[in-house]
Amino acid sequence: MADTIVAEKKEASFSFGKKERKLLSDPLNDNNPITVQVLGICSALAVTTLFNKALVMSIAVVFVTMFASFFTSLLRNSIPKQVRMIVQLVIIAFLVTVVELTLKAFAYPMYKDLSVFIGLIITNCIVMGRLEAFAMANTPYKSLLDGIGNGIGYGVILLIVAAIREIFGKGSIGGIKLIGPSNEFLIDTTTSSIFGWYEPNNLMVLFPSAMFVIGALIWAHRAWNKKLVDIS
Amino acid sequence: MHSTNKVLFFVLAMTTIVALVLSSLFYGLQGRVKINEEVYNKKATLSAIQTKLPKSLDEMTNEEILEIFNNQITQIVIDSKGNEMKPAEVEALGYGGDTAEKLDMSKEKKKPLENRAWPFYKYAADDGQNYYILAVRGNGLWDEIWGYLALESDLKTIAGASFDHKGETPGLGAEIKDNKQFQKNFIGTQIMDANGDYAGVLVRKGGAKNKKYEVDGITGATITADGVTDMIADGIKGYAPYLSGLTN
Numbered sequence: 070m071a072d073t074i075v076a077e078k079k080e081a082s083f084s085f086g087k088k089e090r091k092l093l094s095d096p097l098n099d100n101n102p103i104t105v106q107v108l109g110i111c112s113a114l115a116v117t118t119l120f121n122k123a124l125v126m127s128i129a130v131v132f133v134t135m136f137a138s139f140f141t142s143l144l145r146n147s148i149p150k151q152v153r154m155i156v157q158l159v160i161i162a163f164l165v166t167v168v169e170l171t172l173k174a175f176a177y178p179m180y181k182d183l184s185v186f187i188g189l190i191i192t193n194c195i196v197m198g199r200l201e202a203f204a205m206a207n208t209p210y211k212s213l214l215d216g217i218g219n220g221i222g223y224g225v226i227l228l229i230v231a232a233i234r235e236i237f238g239k240g241s242i243g244g245i246k247l248i249g250p251s252n253e254f255l256i257d258t259t260t261s262s263i264f265g266w267y268e269p270n271n272l273m274v275l276f277p278s279a280m281f282v283i284g285a286l287i288w289a290h291r292a293w294n295k296k297l298v299d300i301s
Numbered sequence: 206m207h208s209t210n211k212v213l214f215f216v217l218a219m220t221t222i223v224a225l226v227l228s229s230l231f232y233g234l235q236g237r238v239k240i241n242e243e244v245y246n247k248k249a250t251l252s253a254i255q256t257k258l259p260k261s262l263d264e265m266t267n268e269e270i271l272e273i274f275n276n277q278i279t280q281i282v283i284d285s286k287g288n289e290m291k292p293a294e295v296e297a298l299g300y301g302g303d304t305a306e307k308l309d310m311s312k313e314k315k316k317p318l319e320n321r322a323w324p325f326y327k328y329a330a331d332d333g334q335n336y337y338i339l340a341v342r343g344n345g346l347w348d349e350i351w352g353y354l355a356l357e358s359d360l361k362t363i364a365g366a367s368f369d370h371k372g373e374t375p376g377l378g379a380e381i382k383d384n385k386q387f388q389k390n391f392i393g394t395q396i397m398d399a400n401g402d403y404a405g406v407l408v409r410k411g412g413a414k415n416k417k418y419e420v421d422g423i424t425g426a427t428i429t430a431d432g433v434t435d436m437i438a439d440g441i442k443g444y445a446p447y448l449s450g451l452t453n
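These protein sequence lines map, in sequence, to chains A and B.
With positions in the first sequence counted from 1, the corresponding number in this note's numbering is that position plus 69.
With positions in the second sequence counted from 1, the corresponding number in this note's numbering is that position plus 205.
These aren't lab readings, by the way, just hints derived from the structure by calculation.
Every residue, glycine too, gets a C-beta built ideally from N, C-alpha and C.
Hints are supplied without guarantee of correctness; some may be wrong.
[Stated by the list, open to error] Across the chosen pairs, the derived CB separations fall in these ranges:
#, chain 1, residue 1, chain 2, residue 2, range
1, A, I263, B, G233, 49 to 57 Å
2, A, L114, B, A293, 46 to 54 Å
3, A, A206, B, T221, 21 to 29 Å
4, B, T256, A, L143, 55 to 63 Å
5, A, L247, B, G411, 29 to 37 Å
Please build the complete structure, drawing on both the sequences and the hints.
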């Protein structure tokens with residue numbers, strides 16, 4: 070039986086020690102899915118125009134990575150090797166459909182805003198990557214933590230990019246209007262004497278700006294965390 | 206190696222479970238989804254007449270929107286010759302209903318102008334006036350754009366407009382939806398030209414010359430803006446026979 074993994078000695082240990090903490094914190098820094106592994110970039114470009122959009126997307130991805138890892142790990146010893154990938158895809162697609170239906174029922178305008186990108190979580194490399202690399206060989210509890218960690222690692226970058234793009238592109242954050250050319254904004258540039266020169270940067274609203282911002286983030290991350298410099 | 210039977214069994218069992226869970230979830234949530242869809246579309250229609258509503262659309266609950274639609278809106282479907290269509294005729298179009306809101310403008314747009322059906326809404330506002338809402342649809346730079354125009358009771362002055370799009374560039378063409386000032390500029394313009402012919406409203410690059418018939422264009426979005434001009438002109442052409450019939 071080449072394809073059944075030898076059962077671990079302590080299958081059900083739910084302790085939260087150093088190892089488990091590392092599962093959660095590693096993807097946030099040393100092994101971040103976006104800035105280090107450069108996975109899941111496509112959706113990071115598309116949904117980061119507004120902070121709220123990125124927030125919902127992040128929550129959706131955390132949900133999917135966490136449960137996809139958990140279920141795959143639960144089934145890992147009984148999944149036939151020949152259809153391994155298909156089974157993983159079914160699990161991911163199942164979870165994404167659940168997210169889509171939930172959004173449709175409880176946050177319809179947000180569902181319309183995110184349009185196809187919720188469905189495209191299925192093809193997000195982070196999810197399947199973690200299933201193959203981790204969940205197929207580890208216990209459900211550890212896989213769950215790894216899923217959460219990677220989901221959050223992705224989400225944090227998404228939120229940073231979205232915050233930068235919304236603040237400089239639209240002068241607002243999460244819909245709260247900060248600076249712009251009308252009286253709805255906290256600082257009205259048409260009347261303010263100090264900020265009269267300010268104009269929102271239209272480039273930030275366009276897709277290429279996400280490229281620049283993510284690029285800058287990768288650079289900043291490596292400058293700050295010397296461990297990463299020689300990896301690639 | 207797993208035997209073929211085992212693989213088959215595993216796959217069948219798994220897909221059955223997934224299918225069962227998903228379909229029950231789908232049917233369980235279907236009621237809510239339907240209401241959400243309905244309210245979303247009704248909100249889009251009402252967004253053209255926002256200034257005449259008792260309160261802002263964002264603050265309204267689903268129930269309040271449904272209530273306005275039930276009590277203050279009359280829905281009529283008209284053809285391009287100016288006749289009101291009977292419920293049975295509307296039903297025959299195959300959109301699963303006999304009211305104006307059921308019309309699929311995207312499909313109607315593909316028909317020649319003289320064969321199209323148009324939704325027409327009459328809104329009896331709290332101020333005692335009647336307002337009329339027209340739906341228009343056209344092409345932007347990348348994909349479809351659409352919008353709603355609200356007319357004053359004189360049937361030629363625009364009381365409000367709202368636009369939406371499928372895939373215009375954020376910050377450029379998408380401004381027809383995101384830039385509220387662009388939509389506000391339509392208020393007070395005339396869909397009739399100086400000779401009294403139905404013409405539409407011109408979105409002019411570089412700024413409106415005559416604020417009675419034109420609105421300011423959007424920098425960097427000339428094609429989308431031209432799309433708005435054409436869309437309104439086409440729509441007004443379709444509504445013109447009915448509007449002139451109402452005016453006389």
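Status of the hints after comparison with the structure:
At about 55 Å, the CB distance of I263/A to G233/B agrees with the hint of 49 to 57 Å. Between L114/A and A293/B the C-beta distance comes to about 50 Å, which sits within the given range of 46 to 54 Å. Range check, A206/A to T221/B: about 27 Å between beta-carbon atoms, so the 21 to 29 Å window is met. Checked against the given bound of 55 to 63 Å, the beta carbons of T256/B and L143/A, roughly 56 Å apart, stay inside it.
Checked against the hint of 29 to 37 Å, the C-beta distance between L247/A and G411/B comes to roughly 30 Å, which is consistent with it.
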